[in-house]
Amino acid sequence: MGVIDPPIQLILFDDNIQWVPVVKYLGLHIDSRLTFKKHIDYLSEKFWGRISLAISLVGRRSPLSLENKVILYKQILRPVITYGSPVWGTAAATHMKKIQVMQNKILRVMTNAPWYVRNDVIHNDLQMEPISNYITKLSRNVFKSIESHDNPIIKAQTLFTYPHPKIKYSYSSTKWRNPLRPP
Numbered sequence: 001m002g003v004i005d006p007p008i009q010l011i012l013f014d015d016n017i018q019w020v021p022v023v024k025y026l027g028l029h030i031d032s033r034l035t036f037k038k039h040i041d042y043l044s045e046k047f048w049g050r051i052s053l054a055i056s057l058v059g060r061r062s063p064l065s066l067e068n069k070v071i072l073y074k075q076i077l078r079p080v081i082t083y084g085s086p087v088w089g090t091a092a093a094t095h096m097k098k099i100q101v102m103q104n105k106i107l108r109v110m111t112n113a114p115w116y117v118r119n120d121v122i123h124n125d126l127q128m129e130p131i132s133n134y135i136t137k138l139s140r141n142v143f144k145s146i147e148s149h150d151n152p153i154i155k156a157q158t159l160f161t162y163p164h165p166k167i168k169y170s171y172s173s174t175k176w177r178n179p180l181r182p183p
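Sequential numbering of the sequence shown, starting at 1, is according to the UniProt record's numbering.
Certain hints may be false.
[Stated by the list, open to error] Straight-line C-alpha distance at most 25 Å; calculated SDA-like pairs for lysine to any residue: (1) Lys97 / Glu45; (2) Lys105 / Lys144; (3) Lys38 / Gly84; (4) Lys98 / Ile122; (5) Lys74 / Arg60; (6) Lys38 / Arg118; (7) Lys37 / Lys105; (8) Lys38 / Tyr83; (9) Lys105 / His149; (10) Lys144 / Thr82.
Derived from the structure by calculation, the hints contain no laboratory data.
Taking the hints into account, I'd like the entire structure generated from these sequences.
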C-alpha cells in the first residue's frame, strides 16, 4: 500500500520531502488513504505489550477483586487502545472489530469466563459498553468541547460540511457509521 504518483514534489528550505505511505504524528500512524490499518495493528501490539506487564494484576489468578480489575482495565489498558480515537474512529468495520476483539479477550481473561459464555453476557455483567460505543462517546465529547470553545478558529473546525436545507444534520450522511449529531 503506497502512494501512487505523488501529485507534486514538496520542497521545504531547499530540501525535498519524500512521499511515504505512513507517517507517525502525535502517536497516530496516518496512512495515505486514511484506513488506519497500520495504526490499529500498532495499537494491538502496544495493548498486548501492556497486558504482559499487567497480567499479574488482571489475570485469571490475580488476587484482586473483579471490581479492581475493571478499574485497572478502564484506567490503564483501555486508554492505550482508545488514544486518538476521535481521529481514527472512522476506520473500516474490520479494523474496528480488531479493537473489540482485544477488549473481549482481556475481559474474558479478567473474569476467568469459560469458552461458552457469550461476550455480551460478560460485557453486561461488568457493565462495560462495547468499544465502538465508548469511542463514539469520546468523539461526541470532543465535538462538544470544540463547539463550546472560546476561540472562533477552533470552533469553526466542526463546520466541515455545508448546510443542506433538506438534511437536518448535514454531516450525518458522511462516512461515520454512528453519526455524531450535535448535543
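Is the hinted pair Lys105 and Lys144 satisfied, with a Cα-Cα distance of at most 25 Å? 32 Å, violated
CA of Lys74 to CA of Arg60, is that 25 Å or under? 17 Å, holds
Does Glu45 lie within 25 Å of Lys97 when you go C-alpha to C-alpha? Holds, at roughly 15 Å.
What's the verdict on Lys37 and Lys105, does the C-alpha distance respect the 25 Å limit or exceed it? Holds: Lys37 and Lys105 sit about 20 Å apart, inside 25 Å.
Mind checking the alpha carbons of Lys38 and Gly84 for me, to see if they're no more than 25 Å apart? 14 Å, holds
Below or equal to 25 Å on CA atoms is what counts here, so check Lys98 against Ile122. Satisfied, since the Cα-Cα distance of roughly 18 Å is no more than 25 Å.
Please work out if Lys105 and His149 have their alpha carbons no farther apart than 25 Å. 38 Å, violated
Given the hinted pair Lys144 and Thr82, is their Cα-Cα distance within 25 Å? 18 Å, holds
Regarding the pair Lys38 and Arg118, is the alpha-carbon distance no greater than 25 Å? The hint is violated at about 29 Å.
Given the hinted pair Lys38 and Tyr83, is their alpha-carbon gap at most 25 Å? 14 Å, holds
When held up to the earlier numbered hints, the structure conflicts with 2, 6 and 9 and fits the remainder.
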